[in-house]
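I would like the entire structure built from these sequences, with the hints used as guidance.
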Amino acid sequence: MHEQAPDEQALRGLIADVRTGKLSRRTFINRMIALGLTAPLATQMLVYSGVAHAQATPSDYKPTKRGGGGPLKTLWWQGATLLNPHFAVGTKDQDGCRIFYEPLASWDPDGALYPVLAAEIPDLENGGLSKDGKSVTWKLKQGVQWHDGKPFTAADVVFNWEYAKDPGTAATTIGSYSGIKVEKVDDHTVRVLFDKPTPFWADAFVGVRGMIIPKHLYADYTGGKSRDAPANLKPVGTGPYRFVDFKPGDMVRGELNPNYHMPNRPHFDTIEMKGGGDAISAARAVLQTGEFDYAWNLQVEDELLLRLEKGGKGRTDMSPGGNIEHIQLNSTDPWTEVEGERSSLKTKHPTLSDKAVREALALLVDRQSVQDHIYGRTGIATGNFVNNPQKFVSKNTKWEFNIDKANKILDDGGWKRGADGIREKDGKKLKFVYQTSINTPRQKNQAIVKQACQKAGIDVELKSVTASVFFSSDVANPDTYPHFYCDIQMYTTTMTQPDPETFLLQFVSWEVATKENKWQGRNITRWTSKEADDAFKASQAELDPVKRAAYLIKINDLACNDHAVIPVVYRPRVQAINNKLQARGSGWDSDFWNLQDWYKDA
Amino acid sequence: MGRYLLRRLLIAIPSLLGISVILFTVLALAPGDPFGELATNPAVPPEVREALRVKFGLDDPIAIRYFRWIAAMVHGDWGFSFASRIDVDTLILQRLPATLFVIGSAQLLALLIAIPVGVLAARKPYSIFDQISSTLAFVGFSLPTFFTGLLFILVFSVQLDWLPFVYRDVYETGWRWYWENFRQAIMPICVLGLFQAASMTRYVRSAVLDVIRLDYVTTARAKGLGERVVIVKHVVRNALIPVVTLVALQMPAIFGGAIVTEQIFRIPGIGSLLISAILANDTPVIMAVTFVFACLVVLFNLIADVLYGWLDPRITLG
Chain A
1 MHEQAPDEQA
11 LRGLIADVRT
21 GKLSRRTFIN
31 RMIALGLTAP
41 LATQMLVYSG
51 VAHAQATPSD
61 YKPTKRGGGG
71 PLKTLWWQGA
81 TLLNPHFAVG
91 TKDQDGCRIF
101 YEPLASWDPD
111 GALYPVLAAE
121 IPDLENGGLS
131 KDGKSVTWKL
141 KQGVQWHDGK
151 PFTAADVVFN
161 WEYAKDPGTA
171 ATTIGSYSGI
181 KVEKVDDHTV
191 RVLFDKPTPF
201 WADAFVGVRG
211 MIIPKHLYAD
221 YTGGKSRDAP
231 ANLKPVGTGP
241 YRFVDFKPGD
251 MVRGELNPNY
261 HMPNRPHFDT
271 IEMKGGGDAI
281 SAARAVLQTG
291 EFDYAWNLQV
301 EDELLLRLEK
311 GGKGRTDMSP
321 GGNIEHIQLN
331 STDPWTEVEG
341 ERSSLKTKHP
351 TLSDKAVREA
361 LALLVDRQSV
371 QDHIYGRTGI
381 ATGNFVNNPQ
391 KFVSKNTKWE
401 FNIDKANKIL
411 DDGGWKRGAD
421 GIREKDGKKL
431 KFVYQTSINT
441 PRQKNQAIVK
451 QACQKAGIDV
461 ELKSVTASVF
471 FSSDVANPDT
481 YPHFYCDIQM
491 YTTTMTQPDP
501 ETFLLQFVSW
511 EVATKENKWQ
521 GRNITRWTSK
531 EADDAFKASQ
541 AELDPVKRAA
551 YLIKINDLAC
561 NDHAVIPVVY
571 RPRVQAINNK
581 LQARGSGWDS
591 DFWNLQDWYK
601 DA
Chain B
603 MGRYLLRRLL
613 IAIPSLLGIS
623 VILFTVLALA
633 PGDPFGELAT
643 NPAVPPEVRE
653 ALRVKFGLDD
663 PIAIRYFRWI
673 AAMVHGDWGF
683 SFASRIDVDT
693 LILQRLPATL
703 FVIGSAQLLA
713 LLIAIPVGVL
723 AARKPYSIFD
733 QISSTLAFVG
743 FSLPTFFTGL
753 LFILVFSVQL
763 DWLPFVYRDV
773 YETGWRWYWE
783 NFRQAIMPIC
793 VLGLFQAASM
803 TRYVRSAVLD
813 VIRLDYVTTA
823 RAKGLGERVV
833 IVKHVVRNAL
843 IPVVTLVALQ
853 MPAIFGGAIV
863 TEQIFRIPGI
873 GSLLISAILA
883 NDTPVIMAVT
893 FVFACLVVLF
903 NLIADVLYGW
913 LDPRITLG
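Read top to bottom, the protein sequences are chains A and B. Using this note's numbering, the first residue of the first sequence is number 1, and each one after it goes up by one. Using this note's numbering, the first residue of the second sequence is number 603, and each one after it goes up by one.
Careful: at least some of the hints might be erroneous.
Unchecked claim - To give an idea of the interface, some chain A residues facing chain B are shown, with a C-beta separation under 8 Å as derived from the structure:
(1) T81
(2) L82
(3) E162
(4) D166
(5) P167
(6) T172
(7) R227
(8) N232
(9) P248
(10) K274
(11) S473
(12) N561
(13) D562
Unchecked claim - With a cut-off of at most 25 Å between alpha-carbon atoms, the simulated SDA-like pairs for lysine to any residue come out as follows:
(14) A:K580 with B:G620
(15) A:K225 with B:V656
(16) A:K600 with B:E782
Since the hints were derived computationally from the structure, they do not count as laboratory data. We put the CB at the ideal spot given by N, CA and C, even for glycine.
Laid out in structure tokens, this is it:
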């Protein structure tokens with residue numbers, strides 16, 4: 001039997017223990033994580049219940065003076081292509097921007113907020129959060145200067161909202177700014193107003209989408225003129241390093257900011273972010289030859305990493321996040337065209353609509369082997385779609401690999417083996433096309449699943465699509481993942497925020513990808529459930545973090561236990577760090593979330 | 603001569619136009635979406651992607667996009683990178699010096715090896731020296747640069763720890779600047795240069811062999827001229843005519859071959875720009891870089907022809 005999730009009452013008891021000091025914050029968060037909740041959620045539970053954020057996590061900063069650390073050389077195997085945080089396309093761009101620009105607060109590895117340009121993290125006790133959940137008041141740090149010497153004030157913060165929400169700017173951050181109002185209270189206070197109670201308030205001005213650009217350099221370049229701003233290529237921020245040079249896709253260089261707003265920081269005199277090449281040689285340059293101090297996002301087989309680590313120059317660091325490699329089972333029929341569209345909501349999958357078939361398939365995915373033989377430390381077997389932060393992780397799902405049990409379920413379901421050994425029922429055979437992108441670990445994973453399916457009388461045809469096609473949003477190409485013109489597919493969904501709300505849009509009925517919305521909906525499996533819809537809506541209005549977590553966990557459980565998706569492994573972010581370098585990645589923010597605190601032991 | 607040049611340049615225009623039409627159509631029909639990465643990010647609403655597509659005119663018909671591109675090109679506007687949101691010509695100019703430096707040095711190294719070795723080998727064909735140099739040449743051009751590149755990295759960076767394998771912008775000053783630049787350039791230049799030298803040695807050898815048997819060489823020897831003078835003044839001079847044209851014709855191919863080397867050593871040249879643009883589906887950049895390569899082919903063909911006429915007075919251009 002699996003462990004029961006604690007009920008609301010028990011959670012409240014635990015929170016009270018934290019408040020009175022009987023239970024440490026960390027223990028509480030760890031316990032919540034064990035329950036399947038993500039760390040940021042757990043932290044927020046404490047905040048709402050009047051327990052302040054841990055604001056001093058990276059206090060183990062040792063250097064006692066600014067500078068003197070020499071150069072910091074970092075390697076991104078895809079270089080930053082632009083340096084305006086509101087245009088950032090991928091994490092590479094966000095990381096490049098984060099050297100110079102800063103948000104009000106960053107997400108630390110535990111999913112707690114860490115103040116950067118904010119003087120403190122808003123909560124109920126300091127009055128930063130309103131009781132009705134409709135506003136957040138941020139107090140800004142005083143005396144912060146832009147790299148050009150101008151003061152940083154509330155006007156800059158308000159301007160970022162105006163800039164990003166303007167559709168003419170076409171900012172990639174628009175999602176975080178369009179539904180809100182931001183007003184200046186005084187020179188160092190801003191208030192964010194929501195239309196309705198908003199439980200997850202820490203989105204605008206926080207983390208990778210919260211970096212603040214200076215009003216005095218961008219005010220003339222909003223909307224359609226945004227691309228002409230000179231500062232797009234020569235950033236002027238508040239960060240620990242000042243801009244020196246930038247070659248798109250190749251390198252970003254910065255030098256120590258002598259007026260940085262945190263004492264004794266930064267430690268390094270210069271910073272270099274070199275781009276290009278491939279992940280394996282990037283790992284090699286840090287772990288084996290020590291040419292570089294830090295390498296980003298090492299999507300490399302664990303076996304290789306372990307071998308390179310023997311070089312002795314560096315270590316690998318895993319930051320847990322919510323990225324999940326999962327298998328999707330199509331709820332609709334991909335082989336029948338209705339009104340010019342396959343996998344249409346008006347159809348039902350001929351065989352996968354039988355829950356027995358889905359259950360059998362879930363039993364046939366050997367997740368432990370996938371973890372042991374393919375991903376190692378870089379992919380952990382799981383039965384949940386939401387795997388982090390811990391307060392959101394469900395304890396109500398389970399997974400196993402059991403061919404006999406799968407066979408029995410199919411036998412009981414009336415699926416009889418035909419002359420060719422393939423099961424069928426009412427003339428419909430269990431034959432599936434299983435697609436994914438071209439990527440060695442994925443092809444190995446496909447083979448493991450195919451083999452097990454064969455033993456259960458299910459015929460699986462493997463298909464692999466070039467990643468640039470599979471992950472494109474090309475409306476005309478039937479091989480993209482949102483079209484889902486086949487029975488089964490597999491890929492990783494990235495979780496960019498330490499809150500699963502947007503992440504779980506993948507299971508609500510109004511987000512189904514269809515021809516009508518040009519396959520831009522987030523619900524790719526086309527699985528719908530009234531219960532999941534209701535739970536989602538309820539979670540959006542629920543201010544009590546404990547109840548809200550319960551709703552979100554329920555959506556995970558509904559989708560996983562109905563086998564709309566078969567989670568395989570969740571994948572932490574992997575980076576290589578020089579043995580002397582003190583740095584810590586956060587799965588919820590840019591790799592540079594606390595760049596100002598990086599230092600090297602002498 | 604002037605009229606010939608003018609005529610050749612005029613002929614080049616339609617061929618470049620044809621090339622640009624083909625490139626543009628192929629790129630427009632190719633799958634992939636410059637804003638595909640946004641599609642997989644749940645925090646970016648689909649409307650942003652739509653707005654960007656409209657902003658960059660991606661949803662217009664191919665013909666209209668082509669004419670817009672060609673009209674801008676005539677005005678010297680190379681287009682605007684989707685990925686970096688800056689002008690493509692700035693992007694290319696940033697990358698050009700590194701490519702020219704590496705390719706130029708490699709070509710120089712290749713010539714410095716190929717000419718003496720080829721001449722010496724041809725002077726005594728089938729001698730031990732010729733056998734060895736031929737074997738090495740065959741080994742040299744059978745090994746692709748991506749292989750020798752990785753081999754060099756494993757030996758000189760990983761095992762011996764002598765040279766860095768990441769090519770970066772050096773910002774040390776003074777003599778350190780030269781030293782660091784030299785150290786990081788050795789491996790890529792050798793990889794490219796040795797590959798070139800291998801095939802070039804064979805050309806030089808056969809060209810010299812063709813010439814060395816001619817009557818005028820025998821005459822020169824009969825006059826009592828020293829062997830050195832015969833070889834340098836009479837043989838090599840004439841033998842190098844086909845070699846020079848070959849080198850010129852090969853230049854575009856070398857630019858293409860350098861793409862792989864640039865990727866392996868992370869050289870910030872136009873080759874690695876092309877690769878990252880392809881990966882990001884940054885069509886304006888791909889278009890511009892491939893078009894530059896196309897221009898290079900046409901240009902070096904012209905240079906080869908002109909050089910040929912200049913070196914060999916028997917050929918008149920007109």
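These are the hints, each one checked on the structure:
1. T81: holds, 4 Å
2. L82: Cβ of A:L82 sits 5 Å from chain B, so the hint holds.
3. E162: It is violated, given that the least Cβ distance between A:E162 and chain B is near 17 Å, above 8 Å.
4. D166: violated, 10 Å
5. P167: holds, 6 Å
6. T172: Cβ of A:T172 sits 5 Å from chain B, so the hint holds.
7. R227: holds, 5 Å
8. N232: Since chain B brings a Cβ to about 6 Å from A:N232, closer than 8 Å, the hint holds.
9. P248: holds, 4 Å
10. K274: holds, 5 Å
11. S473: Nearest chain B Cβ about 4 Å off; hint holds.
12. N561: violated, 22 Å
13. D562: violated, 21 Å
14. A:K580 with B:G620: Roughly 57 Å between the alpha carbons, so the hint for A:K580 and B:G620 is violated.
15. A:K225 with B:V656: Satisfied, since the Cα-Cα distance of roughly 15 Å is no more than 25 Å.
16. A:K600 with B:E782: The hint holds at about 23 Å.
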